[in-house]
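Listed in order, the protein sequences are those of chains H and G.
Per our numbering, the very first residue in the first sequence carries number 1; after that it's consecutive.
Per our numbering, the very first residue in the second sequence carries number 1; after that it's consecutive.
Just so you know, these hints were derived from the structure itself, not from any lab.
Even for Gly, the Cβ is constructed at its ideal location relative to N, Cα and C.
Any given hint could turn out to be false.
What the hints assert, rightly or not - Part of the chain H face toward chain G, derived, beta carbon under 7 Å:
(1) Val69
(2) Phe88
(3) Asp100
(4) Tyr101
Claimed, not checked - Anything over 12 Å on all C-beta distances counts as not near chain H; from chain G, calculated:
(5) Ser2
(6) Lys42
(7) Pro73
(8) Ser118
(9) Asp130
(10) Gln132
(11) His152
(12) Ala154
(13) Glu195
(14) Ser248
(15) Arg254
(16) Glu357
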Amino acid sequence: MAEKKESDERFKKFGTVSFTSLTKTNDFIDYLEKGAIAGTRCKDCGRVFFPPRADCFQCLASHMEWFEVTGSGRLVSFSKLEYGPAGFQDDVPYSIALLDYGAFKVFGRIGKEVPAADIAVGMPMKTIVNRLPNGQLNYVFVKA
Amino acid sequence: MSRVAIIGVGQSEFVRAYPGSVRELAFEGFKEAMRDARLTTKDVQASVICSAPEYDKQRSPAGVFAEYLGLNPQPTFYVESLCSSSSMGLRTAYALVQSGLHDVVAVIGFQKMSEISSAESQERMGRGADIQWESPFGTMMPAYYAMYARAHMAAHGTTLEDLALIRVKAATYGQLNDKAVYRKPVTLANLSHPEDRMAGPVASPLRVGDCCANADGSSCVIVASEEKARVYCKKPVWILGLGAATTSVNLAGRDLFTGLTVAREASRQAYKMAGVGPKDIDVAEVHDCFTIAEMMAYEDLGFAKPGEGKELIRSKATYKEGPIPVNVDGGLLSKGHPIGATGGSQIRTIVLQLREEAGPIQVKSPEIGLVHNIGGVGLYGNVSIFGR
Numbered sequence: 001m002a003e004k005k006e007s008d009e010r011f012k013k014f015g016t017v018s019f020t021s022l023t024k025t026n027d028f029i030d031y032l033e034k035g036a037i038a039g040t041r042c043k044d045c046g047r048v049f050f051p052p053r054a055d056c057f058q059c060l061a062s063h064m065e066w067f068e069v070t071g072s073g074r075l076v077s078f079s080k081l082e083y084g085p086a087g088f089q090d091d092v093p094y095s096i097a098l099l100d101y102g103a104f105k106v107f108g109r110i111g112k113e114v115p116a117a118d119i120a121v122g123m124p125m126k127t128i129v130n131r132l133p134n135g136q137l138n139y140v141f142v143k144a
Numbered sequence: 001m002s003r004v005a006i007i008g009v010g011q012s013e014f015v016r017a018y019p020g021s022v023r024e025l026a027f028e029g030f031k032e033a034m035r036d037a038r039l040t041t042k043d044v045q046a047s048v049i050c051s052a053p054e055y056d057k058q059r060s061p062a063g064v065f066a067e068y069l070g071l072n073p074q075p076t077f078y079v080e081s082l083c084s085s086s087s088m089g090l091r092t093a094y095a096l097v098q099s100g101l102h103d104v105v106a107v108i109g110f111q112k113m114s115e116i117s118s119a120e121s122q123e124r125m126g127r128g129a130d131i132q133w134e135s136p137f138g139t140m141m142p143a144y145y146a147m148y149a150r151a152h153m154a155a156h157g158t159t160l161e162d163l164a165l166i167r168v169k170a171a172t173y174g175q176l177n178d179k180a181v182y183r184k185p186v187t188l189a190n191l192s193h194p195e196d197r198m199a200g201p202v203a204s205p206l207r208v209g210d211c212c213a214n215a216d217g218s219s220c221v222i223v224a225s226e227e228k229a230r231v232y233c234k235k236p237v238w239i240l241g242l243g244a245a246t247t248s249v250n251l252a253g254r255d256l257f258t259g260l261t262v263a264r265e266a267s268r269q270a271y272k273m274a275g276v277g278p279k280d281i282d283v284a285e286v287h288d289c290f291t292i293a294e295m296m297a298y299e300d301l302g303f304a305k306p307g308e309g310k311e312l313i314r315s316k317a318t319y320k321e322g323p324i325p326v327n328v329d330g331g332l333l334s335k336g337h338p339i340g341a342t343g344g345s346q347i348r349t350i351v352l353q354l355r356e357e358a359g360p361i362q363v364k365s366p367e368i369g370l371v372h373n374i375g376g377v378g379l380y381g382n383v384s385i386f387g388r
């Protein structure tokens, strides 16, 4: 009997609930495991993508390299959720937010330890890797 | 190029939990539109069925509906763009008629959101966003629009009271709409009193009262060629302009957070095709899934300059008697938002307005009306302009 081919389902580890298991950007999870948040850059045209993608629509090619998200971004907006969708009820309340790094933006959550009173549109924040209580990985924004 | 008309409109009552199956729900809107157009099922040459399919237990409802509505053996197919599905259906029907392929097409929108629980429904709505990169953070529709609200407030000084004024207006007219799911009045005090249900937090800064109600419902719009419209209809309403646009599903791929680029682009196209501008619009239906969405629509459609939408609601300019009446049927906020049926219901309101058959919500002698219908969080935008 032929051996069953193992599929690369690393992406199942992303977020409280991951809705994706197979993607060509699975190395994103390895970067998270190492404590880094990474996007991709097209080797042909230099365009940067966050969230990372495997394919460049500009070049119609798939020659990507990874880059790490470093430094700080500006808080574009945020919202604190009092209700969560199915699978996220144990996380509430939590805040989702968007950071603008200039060349790209990052969508994620604000770290629980950031005091609500300190959060304001325009403030500088940085992105750090976060391990969730259920062993899953995501990233959060904290004060820069 | 000859013109394309709307010759019949209908919708079901929008209700919390429809006591019937989806095909029976679809029949309600269809029946009203067919009676309105005085057609028999043989006159309808094709049907376009519109909804967000993840709420349905029935796989491929189009074929099921065609049989139930008496539309065999004519062709039918499905069109989906989340909450703007039936406006996209109108666009599809326009193309079918304008191409000469069909003369009369029925656009049927429906949603029975109560087929699944509210929590499941919220999970599915979160998955209307980017499921790979955003949904794992626990996103929901209200929270996305809340982020736009926060950005609008920070950039333009819009206040929670401004947003509440939009809810108060919606409720003013929802009370007059016997198809609306929410027919009670709402006051500013409801949204500011900490113990009032309407003031309860959902996703900051949005409160319960800032969010539209889930509802079950169906709508139907009958589209016809100019030649057939002349035969069948005394008061055809003409499709003057259609615009449609898309953007990045992931917020990280966007640059504007105080408005929706899809609404700006779709309205630019629709105004150009119709040869009119914002000042020519006599009555409008906009996609107020949340209060902030109506505020942004004022600005994206050019009824107000960016940041000045709040002046329109403060001065009651968008009330029935004002210079630009908006959502005088209660809007999504009070009428309810059965996703796939919403665009058709908005079109129905504008058609009745232009025929001067809108009863207690009739605005004075409108010539040109506009529908702004958004899918997802500004992922799909449709703007349609109609004239009599």
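Is the Cβ of Glu195 (chain G) farther than 12 Å from every Cβ of chain H? 16 Å, holds
Please verify that the nearest CB of chain H lies beyond 12 Å from Asp130 (chain G)'s CB. 8 Å, violated
Hint check: 7 Å Cβ-Cβ cutoff, Tyr101 (chain H) to chain G: 10 Å, violated
Hint check: is the beta carbon of Phe88 (chain H) less than 7 Å from a beta carbon of chain G? At 4 Å from the nearest chain G Cβ, Phe88 (chain H) passes the 7 Å test, so the hint holds.
Chain G contact restraint on Asp100 (chain H) - CB to CB distance below 7 Å: 9 Å, violated
May I ask you to test the interface hint for Val69 (chain H) with respect to chain G, counting a Cβ-Cβ separation under 7 Å as satisfied? 11 Å, violated
Does His152 (chain G) clear chain H by more than 12 Å, comparing its Cβ with all Cβ atoms of that chain? Violated, because the least Cβ-Cβ distance between His152 (chain G) and chain H comes to about 9 Å, which does not exceed 12 Å.
Compute the least Cβ-Cβ separation between Ser118 (chain G) and chain H, then decide whether it is above 12 Å. About 9 Å separates Ser118 (chain G) from the closest Cβ of chain H, which leaves it inside 12 Å; violated.
Determine whether the non-interface label on Lys42 (chain G) survives the test: each CB of chain H must be over 12 Å from its CB. Given a closest Cβ separation of 45 Å, the condition holds.
Check the non-interface label on Ser2 (chain G): least C-beta distance to chain H beyond 12 Å or not. 38 Å, holds
Report holds if the minimum CB distance from Arg254 (chain G) to chain H is greater than 12 Å, and violated otherwise. Given a closest Cβ separation of 8 Å, the condition is violated.
Check the non-interface label on Gln132 (chain G): least C-beta distance to chain H beyond 12 Å or not. Given that some Cβ of chain H is not farther than 12 Å from that of Gln132 (chain G), nearest at about 5 Å, it is violated.
Hints 1, 3, 4, 8, 9, 10, 11, 12, 14 and 15 from the earlier list are contradicted by this structure; the remaining hints agree with it.
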